[in-house]
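These protein sequence lines are chains A and B, in that order. Each step along the first sequence adds one to the number in our numbering, with nothing skipped, and position 34 is 34. Each step along the second sequence adds one to the number in our numbering, with nothing skipped, and position 91 is 201.
The hints are simulated quantities; they were obtained by calculation from the structure and are not laboratory data. Hints are supplied without guarantee of correctness; some may be wrong.
With a cut-off of at most 25 Å between alpha-carbon atoms, the simulated SDA-like pairs for lysine to any residue come out as follows [unchecked claim]:
hint : chain 1 : residue 1 : chain 2 : residue 2
1    : B       : K181      : B       : T222
2    : A       : K2        : A       : R92
3    : A       : K42       : B       : K181
4    : B       : K121      : B       : A177
5    : A       : K42       : B       : F175
6    : A       : K45       : B       : G138
7    : A       : K45       : B       : E124
8    : A       : K42       : B       : V223
Some chain B residues well away from chain A (every beta-carbon gap over 12 Å; in silico) [claimed, not checked]:
hint : residue
9    : Q147
10   : Q158
11   : V223
To spell it out: a stretch of chain B is covered by chain A in this simulated footprint if at least three of its residues, at any positions, have a beta carbon under 8 Å from a beta carbon of chain A; those stretches are [stated by the list, open to error]:
hint : stretch
12   : 128-136
13   : 212-221
All C-beta atoms, glycine included, are put in the ideal place defined by N, C-alpha and C.
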Amino acid sequence: RKEVEQDPGPFNVPEGATVAFNCTYSNSASQSFFWYRQDCRKEPKLLMSVYSSGNEDGRFTAQLNRASQYISLLIRDSKLSDSATYLCVVNRYGANNLFFGTGTRLTVIP
Amino acid sequence: EAEVAQSPRYKITEKSQAVAFWCDPISGHATLYWYRQILGQGPELLVQFQDESVVDDSQLPKDRFSAERLKGVDSTLKIQPAELGDSAMYLCASSQDRGNSPLHFGNGTRLTVT
């Protein structure tokens, strides 16, 4: 089983819609979680860290469910500029590095 | 905002040739990573440095790939000889500490092997 799994999509949503992505991780000892955004042929950029209590940054909300071992990203009022691939990243306790999911492709349609 | 510098941005090389990529992390970041990303997939770790020491190179194809960070600052990743399957984006990233801090990526080097 992969360390981190994401639905690759694509998710095609109209402007203004709310969309949510989930990401599951396999190791219960995982301790740090992040969402990255990656535009086509560009480098990944940190969107937000995910905290145990959940956190919000404008239209974006991230949540962690340790019992079910998944993190989620909710985007409200989708903009055309939100079109990108969203990568889930997990750090496992005792590991030295971060594990990336394959990404979920989002396209916001006018 | 401080950035991770990478060069070149693009590289086209013929198979069996040697190719090298360079990375300068954000100042003060002790941890440096080299990732490879194939189109449609997530980044995969090739090698991780803590200062000048390699802490993880388990996924680095050591018969053809090598990486160094001699002074614990900038780093070079080399492929010799290049193969067609090496065509990918090579991403360098740095972080303040291992695992718990988010990564900051450079622009990447897009390698095409013909």
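Results for each hint:
1. B:K181 with B:T222: The hint is violated at about 29 Å.
2. A:K2 with A:R92: It holds: about 13 Å lies between the C-alpha atoms, which stays within 25 Å.
3. A:K42 with B:K181: Violated, at about 28 Å.
4. B:K121 with B:A177: Cα-Cα ~18 Å, so holds.
5. A:K42 with B:F175: 23 Å, holds
6. A:K45 with B:G138: 19 Å, holds
7. A:K45 with B:E124: 31 Å, violated
8. A:K42 with B:V223: 19 Å, holds
9. Q147: Answer for Q147 of chain B: violated, closest chain A Cβ roughly 8 Å.
10. Q158: 5 Å, violated
11. V223: Holds, because the least Cβ-Cβ distance between V223 of chain B and chain A comes to about 17 Å, which exceeds 12 Å.
12. 128-136: Coverage by chain A is violated here, the residue count being 0 at a Cβ distance below 8 Å.
13. 212-221: holds (count 8)
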